[in-house]
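Asks: Chains A and B supply the protein sequences, listed in that same order. Its first residue numbered 1352, the first sequence is counted upward by one per residue in the working numbering. Its first residue numbered 1033, the second sequence is counted upward by one per residue in the working numbering.
Don't take each hint at face value.
To be verified - Using 35 Å as the maximum straight-line C-alpha spacing, the simulated DSBU-like pairs for lysine-lysine come out as follows:
#1 A/1371 with A/1360
#2 B/1421 with B/1463
#3 A/1360 with B/1463
#4 B/1500 with A/1360
#5 B/1482 with B/1463
#6 A/1380 with B/1421
#7 A/1380 with B/1463
#8 A/1371 with B/1421
#9 B/1512 with A/1371
#10 B/1463 with A/1371
#11 B/1500 with A/1371
#12 B/1512 with A/1360
#13 A/1360 with B/1421
#14 A/1371 with B/1482
For the record, the hints were derived by calculation from the structure and aren't laboratory data. Bear in mind the structure is a predicted one, so any value in this text is a computation, not a measurement.
One letter stands for each residue in the lines below.
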Amino acid sequence: MSNVRTSRKGVLITCDVPTKQFILHLNSKQAQGFIINDLDETHLFVEASAVHEIREQLERLQEMNVYVRQA
Amino acid sequence: MDNEMMAWSHVVLSSVQIRAGDGAISKDLLKGWVRDAYTGVHRAAVRQLSALRVLVRAQELSGAAAAAQQQRRGMIALNPPFRKNLLQALLTPDVAPWKDDPRFALRPDKLTPSRAKIEGEMRRKWEAVLHFLVASDGAGAGPTPSVRAFMQQAGLMARRGRSEQLVITNRGYEFMLRDIHVQAWMFVLSLIRSKSSDAQARDDLLSFLFMLSYCTVSAALQPLEGHHNAQSVCAAPSLSCKPLPAAPSASVNRCSEKVCEDYPLLALTPAQAQLARDFIDLGLLYQRKPSSQRFYTTEIAVNLVFGAAAAEHPSRAVIQAADASAQLDLAPRMTIIVETNFQVVAYTTSDLHVAMLTLFLELRARLPNMVIGVITRESVRQALVTGIKASQILNFLKWHAHPNVINRRPMIPENIADQIILWERERTRVKYDAGTLLDLPFEGVHDFDKVAEYAEELGACLWAAREKRVLIVAAAAVNKVVAFADGLMPS
Chain A
1352 MSNVRTSRKG
1362 VLITCDVPTK
1372 QFILHLNSKQ
1382 AQGFIINDLD
1392 ETHLFVEASA
1402 VHEIREQLER
1412 LQEMNVYVRQ
1422 A
Chain B
1033 MDNEMMAWSH
1043 VVLSSVQIRA
1053 GDGAISKDLL
1063 KGWVRDAYTG
1073 VHRAAVRQLS
1083 ALRVLVRAQE
1093 LSGAAAAAQQ
1103 QRRGMIALNP
1113 PFRKNLLQAL
1123 LTPDVAPWKD
1133 DPRFALRPDK
1143 LTPSRAKIEG
1153 EMRRKWEAVL
1163 HFLVASDGAG
1173 AGPTPSVRAF
1183 MQQAGLMARR
1193 GRSEQLVITN
1203 RGYEFMLRDI
1213 HVQAWMFVLS
1223 LIRSKSSDAQ
1233 ARDDLLSFLF
1243 MLSYCTVSAA
1253 LQPLEGHHNA
1263 QSVCAAPSLS
1273 CKPLPAAPSA
1283 SVNRCSEKVC
1293 EDYPLLALTP
1303 AQAQLARDFI
1313 DLGLLYQRKP
1323 SSQRFYTTEI
1333 AVNLVFGAAA
1343 AEHPSRAVIQ
1353 AADASAQLDL
1363 APRMTIIVET
1373 NFQVVAYTTS
1383 DLHVAMLTLF
1393 LELRARLPNM
1403 VIGVITRESV
1413 RQALVTGIKA
1423 SQILNFLKWH
1433 AHPNVINRRP
1443 MIPENIADQI
1453 ILWERERTRV
1463 KYDAGTLLDL
1473 PFEGVHDFDK
1483 VAEYAEELGA
1493 CLWAAREKRV
1503 LIVAAAAVNK
1513 VVAFADGLMP
1523 S
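Generate coordinates for the entire structure from the input sequences, incorporating the hints supplied.
Replies: Below, the structure written as structure tokens:
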């Protein structure tokens, strides 16, 4: 019998606390969640297919918080 | 340069002089020929030559009885093949490769290009390649397909999205900042790698490179025979491109200073000819017209093998001297001042430099001899998106620092440097690692720790939680870790 009960492929996301909360928020908005395992405050294990979307959303969030002086 | 090179040639020549047998000599005797002040240099030279297997321990040479072996302890000798070929080279008057074969003898070229023309042509072509790399609007036709292929193969440029257009990558950016010798060398490396399956072709290419390093750009006035020879053999290719000392007599061919050496293309093997054609595309070699059967070398091509050493040991005085001389006439210098208000002033006249700057700068004004730009979040972000790193941008700015700023510490205002790094970090706030989550239902913590430790040793442990007995392992090592876990007895 194997000592490994389950194994699952995915992507480990390492980030700060607010960013993780934002990703949780993204997850809750989707009908089918992409989070496989909520590991701890700064780590998440998600479906590989969701990474692209997460990246884009985070970039958009950052854009919203930047003030650019008009030349 | 000279200390080191001299030490090398001194050691080699000393060992050549030993005629007896296979030329074994005791280390102490060899050292005895050196003045006390230079023993350090001498020792370093012996060490380096041993590392290159030019010098070998006499014991390693076979064919001596055990008793004799004892006696030979502490003796060194030149590597026999090296010794044989060196002697041969010293005794043959003709240095130029491909010249001794009458089948490929070339008639004198009626329209021999001048050296200035060849070097100018090389610079023009090479700049075109770099220009293409930074993708500044594609003025002109752009480089040939082989150069394009190289850019992609070496990972210097990549297709972004679905578009046909190639965009510079992180590696390409690094490539651009390097010295031209290193760039040429990287090109050669990628070529050799692409041929790595074919041993014959690879050997051909390597021998071509070595032969090139014995070519000369222009047939400078021939110094005393034999002397020239020894020089080019012992002191490595470095010397072969330097203008040789003018012979006192002016009776030599009156315009020989300007005459460039030509070499027959037909003497090359197919693989070599292919490489030569690639070099011609890049400007490293010069050919008057595509149908011509002769080619001319340039300084960069001659120094190719030597220039590679520059990449590994940039601190070496030898290389610096050679580089400085090469750079002087190669790249018009650009000097940059970074102001605390994010404004950047760059003094340059070259379009290429401007194109390089626009990778991370927003241009505001262009004057005949200078460019003014601003570092903005957006402009830096664009550079970061292509994979250029903040440290690369900063190094670029430091590398080209204006003489007035160069002695200031820090060279780049702190707030600017910090901001660029912060902008980079903004993008790397989140780290994504593909991996596999393993659920290990061990009873005790002990077994789990063992597995975690093992994964750590492999450098594959991304995350571990003892309480939950969950481990995340990098994709590459999953099988190993699972096998290890299964190997443990369930407790």
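Asks: Are the hints correct? Go through all of them and say.
Replies: Hint-by-hint comparison with the structure:
no., hint, in the structure
1, A/1371 with A/1360, "holds, 20 Å"
2, B/1421 with B/1463, "holds, 16 Å"
3, A/1360 with B/1463, "holds, 17 Å"
4, B/1500 with A/1360, "holds, 18 Å"
5, B/1482 with B/1463, "holds, 26 Å"
6, A/1380 with B/1421, "holds, 34 Å"
7, A/1380 with B/1463, "holds, 22 Å"
8, A/1371 with B/1421, "holds, 25 Å"
9, B/1512 with A/1371, "holds, 31 Å"
10, B/1463 with A/1371, "holds, 11 Å"
11, B/1500 with A/1371, "holds, 20 Å"
12, B/1512 with A/1360, "holds, 15 Å"
13, A/1360 with B/1421, "holds, 30 Å"
14, A/1371 with B/1482, "holds, 30 Å"
The structure meets every hint from the earlier list without exception.
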